[in-house]
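As a plain string of letters, each chain reads:
Number of protein chains: 2
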Amino acid sequence: MTPSAFTVLARDPCSDARAGLLKLEHAEVQTPVFMPVGTQASVKAMASEDVADLGYRLILANTYHLLLRPGAEVMEQLGGIRRFMGWDGAVLTDSGGFQVFSLAKLLEIREEGVLFASHLDGSRVMLTPELATDMQLALDSDVVMAFDECIRWPAEDRYVREATERSYRWTRRSHQRFLERRKNANQFFGIVQGGFSRELRRWSVESVVELGCDGNAVGGLSVGEPKELGFDTLSYTVPLLPADRPRYLMGVGTLQDIWRAVRLGVDMFDCVLPTRLARHAHVLSGGAHLNLKNARFRTDASPIDESCRCMTCQRHSRAYLHHLFRAGEVAALRLATRHNLWVYARFMEAVRLAIREGRLDALDPGRNGAPAVSGEAVAVR
Amino acid sequence: MTPSAFTVLARDPCSDARAGLLKLEHAEVQTPVFMPVGTQASVKAMASEDVADLGYRLILANTYHLLLRPGAEVMEQLGGIRRFMGWDGAVLTDSGGFQVFSLAKLLEIREEGVLFASHLDGSRVMLTPELATDMQLALDSDVVMAFDECIRWPAEDRYVREATERSYRWTRRSHQRFLERRKNANQFFGIVQGGFSRELRRWSVESVVELGCDGNAVGGLSVGEPKELGFDTLSYTVPLLPADRPRYLMGVGTLQDIWRAVRLGVDMFDCVLPTRLARHAHVLSGGAHLNLKNARFRTDASPIDESCRCMTCQRHSRAYLHHLFRAGEVAALRLATRHNLWVYARFMEAVRLAIREGRLDALDPGRNGAPAVSGEAVAVR
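Protein sequences, first through last, are from chains A and B.
Going letter by letter, the first sequence gives residues 1 to 381 in our numbering.
Going letter by letter, the second sequence gives residues 1001 to 1381 in our numbering.
Just so you know, these hints were derived from the structure itself, not from any lab.
Any given hint could turn out to be false.
[What the hints assert, rightly or not] Within a straight-line C-alpha distance of at most 30 Å, the following computed BS3-like cross-link-like pairs (lysine-lysine) qualify: (1) B:K1105 to A:K105; (2) A:K293 to B:K1044; (3) B:K1105 to B:K1044; (4) A:K44 to B:K1293; (5) A:K183 to A:K23; (6) B:K1044 to A:K44; (7) B:K1044 to B:K1023; (8) B:K1044 to B:K1293; (9) A:K293 to A:K183; (10) B:K1023 to A:K293; (11) A:K105 to A:K23.
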C-alpha cells in the first residue's frame, strides 16, 4: 500500500467517527462514503452518467455476476469494468463470496474453494480465492476484495469457527494472488469474519490485519441477526482494526445504521437498499419512507420531499410517480432510484461536514424517534 | 384558428415537401416534425427531461389510456398533462379512437359513440366525440384531435362507407364541442378517413376541410394494408388538403416512410416505432437496424453508430448494451430509446434543412437499396 492512500482529515470529538480522503487509482474519494451497488455492471435503472451526476465517484460491482455474464474474457478484452460500463469513477469489486452463499446453489465447500451451480443456467463453477482475485483484476477494479465465506445467522459454534478460519486462509490466498498479479495501482482489502463471537472476531481481525492490506472490511453482519447483536459485534470489532487504513462495513444499510456505524469509526459502506427500495416504489422523505403506490398520492402535486433538490423532486410530483408505478412505466424505476441515491449522497456529504464541524450527533436520522427506513429492510444487501 | 399559427417557410423544388413553423400554445415547432409517443404520460423508458434534452418540443399523448388511468378528474385537478408529466413543451393528444378499435374490447359501435371494455379492468366505458374532446381539454392539450373511427384493412366497401360517414359526423361533433369548451389557445385537427377508396377519401377531405380546422390529419393508413397501397392513397389525399394548414399523417413510420410522405406534402408524424424497436433491442445504425441481443455484439467495443453524437453512443459500446439487454437490466431500455429518438430528431432536422436547401432527394434513407427499418415494422403505431 502506498502509505498516503488513506488520510484521516478530521475526527469527531464525541465519537470514533473520522472524515478522510481515500486515493484510488481512478478517483479520490472523501470518506465516510456510500457506494451504490452496480451488480451486473449497472446501478439498476440508472446509466453510469446518471450515477456520476449525483456526485458519486466510487461504486461497487459484483464479481460473481460478472464472472457468469459476460465473463472474464469479455471483461479483459474490453479493458475492464470501467470502460465496459462507461464509468469514469472508481470501482470496488465484491469477491463473489457473499453471492455464492446467497444467490447460487451451493454444492460443496472445500478447502480449495466453493463449488456452486450458476443461478443463470445451472452450470457448475468452482470459485476459489485465486479465481475471484483474477476476475477482479480482469475487471481492473480499484479495490479488490478478499474471497471470504459468508456465515449466516444463526449458525453452530463449530461451523462458525471452521468457516472463520477457512475465510482467513482464503483471504491470505487472495492477497497472495493479488500481490503476484496486481497491475496498475489496484488496492486490496481483507475481510474480517468471526460470526457473533468476540473471541473469533478478535482472532480474525488480528490474523487479517497481519497481512497488511490496504483496507479492512467487516463481513458477516446483516446476515439475518437481530440489529443490536450486529451493532454490538461491530462496536468491539472496529476498534481492533488499524486506524490508518479505511474500514468498510459490507452490506449496510439504512441511513441510521450508517450514521451509527460512522460513529464507531467505519469509513465505507455499500448497500442495495436505496436502489431496491426505489424499484419497489419506496422513496425516502424527511426521515420516513413513502410507498408511492399508495392511493393517497394519486392527486398529490407535491414532490417526494419539498426540501430535496434532486432532478426528480425538481421536476416531478408524487402523483406522477404514483401514476408511473401504477401504470407499470419503466421510467418510474429510474426517477425513484435517482431520488433515493441523491438522498444517500447528500446524507454522506452532511456526515462528512458534521464530523469536520464536530456536530455529528445532531445528524442522527433516527432522532425524531422514527428510523429512517424500517428495520426489516436492513437485511438486504 | 389564428391565421398565423402555421406558416410555410420553404418549399422543395422537386416535390410537394415544405418546411414550416407551427405556433402552438406551449411551443413553436418547426415542421416537418416527428412526435415521440407518450402513451401513458410517459415516452416509454424516458423521463420528460430526457425527451427535451433530445430537442423535441412536441410529443403525443393518448386520451384512451389517460382516460382510464389516472382519469379526467386527476388530470384536471393536477393542471393538465404538461404539468402532470413535468413536460414544458407542447402536447398533441390522440382522441382515443385508434386505441378503442385496437386495444380495448369493442362491444358496440353506435351513432352516439363506441362502447368498449377497458383493457385494464374490463369496466364498460362509452367513448363519444364529446367525451374524447372534454378529456383532451382536461389534459389541456395543445392540439385536440377529432374522435374518429379507425377502419382496418381489409374491410367491406359498405362498412368503409358507413364508417367514413360516421367518422365525419363524429369529427363534426368533436369540433363543435371543442368550439364550445376550448380554453386558452388549444387547436383542433380534423381527421380524414375513407379507407382505400379515392372517392371516399375525396368526400371525407371535402367534408372535414369545410369545418375549417386548425390542421388536418390523414387517418386510416398503416392499418394492415400493403405499403404501396397506403402510399398510393396518401398521394391522392394530401393534395386535396389545404396547403395553408398543417397536414398530419397518423402512426407513420420508418424514416423512409416519413421521407416519402414529406415529399407528398405531409408536415407532422407520430409513431411508436423508434421507442418500441429500442425496447426490443433494435437500434438504428447507418440506414440499417441492429439487434443488440445478437451474439456478434458480445465483444464489440464500438458505439451503435460511429457517427452518432447521442449520449448513448458517446458513452456506451454495443458490447455493454448487449450485456444489459441479455442481463435484463432496465437501463438498457432507456439507453437504446435515447439513441433511436435522437436519430429520428436529427433526421427530421436534416429533412427541414434539406427542404430549405432544395436537396431533399439526396436524403432518401432508402437510397442505398436498404430501407431504414424493415418493412413489416411499419404497421405498429
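- Message: Hinted pair, alpha-carbon criterion (30 Å max): A:K105, A:K23. Please report holds or violated.
- Response: It is violated: about 37 Å lies between the C-alpha atoms, which goes past 30 Å.
- Straight-line alpha-carbon gap A:K293 to A:K183, limit 30 Å: violated (48 Å)
- Does B:K1105 pair with A:K105 here, judged by a C-alpha cut-off of 30 Å? Violated - the C-alpha atoms of A:K105 and B:K1105 are around 45 Å apart, more than 30 Å.
- Message: Between the alpha carbons of B:K1044 and B:K1293, is the straight-line distance 30 Å or under?
- Response: holds (20 Å)
- Message: Holds or violated: B:K1105 and B:K1044, Cα atoms, limit 30 Å.
- Response: holds (23 Å)
- A:K183 paired with A:K23 [C-alpha distance capped at 30 Å]: holds (16 Å)
- Task: Sort out whether A:K44 lies within 30 Å of B:K1044, counting only the CA atoms.
- Result: Satisfied, since the Cα-Cα distance of roughly 17 Å is no more than 30 Å.
- Task: Compare the distance between the alpha carbons of B:K1023 and A:K293 with 30 Å, and conclude whether the hinted pair is satisfied.
- Result: violated (38 Å)
- Are the Cα atoms of A:K44 and B:K1293 separated by 30 Å or less? holds (19 Å)
- Given pair status - B:K1023, B:K1044, alpha carbons within 30 Å: Distance ~26 Å between B:K1044 and B:K1023 Cα, so the pair holds.
- Message: Between the alpha carbons of A:K293 and B:K1044, is the straight-line distance 30 Å or under?
- Response: Distance of about 19 Å is within 30 Å: holds.
In terms of the numbered hints stated before, the structure departs from hints 1, 9, 10, 11, listed from lowest to highest.
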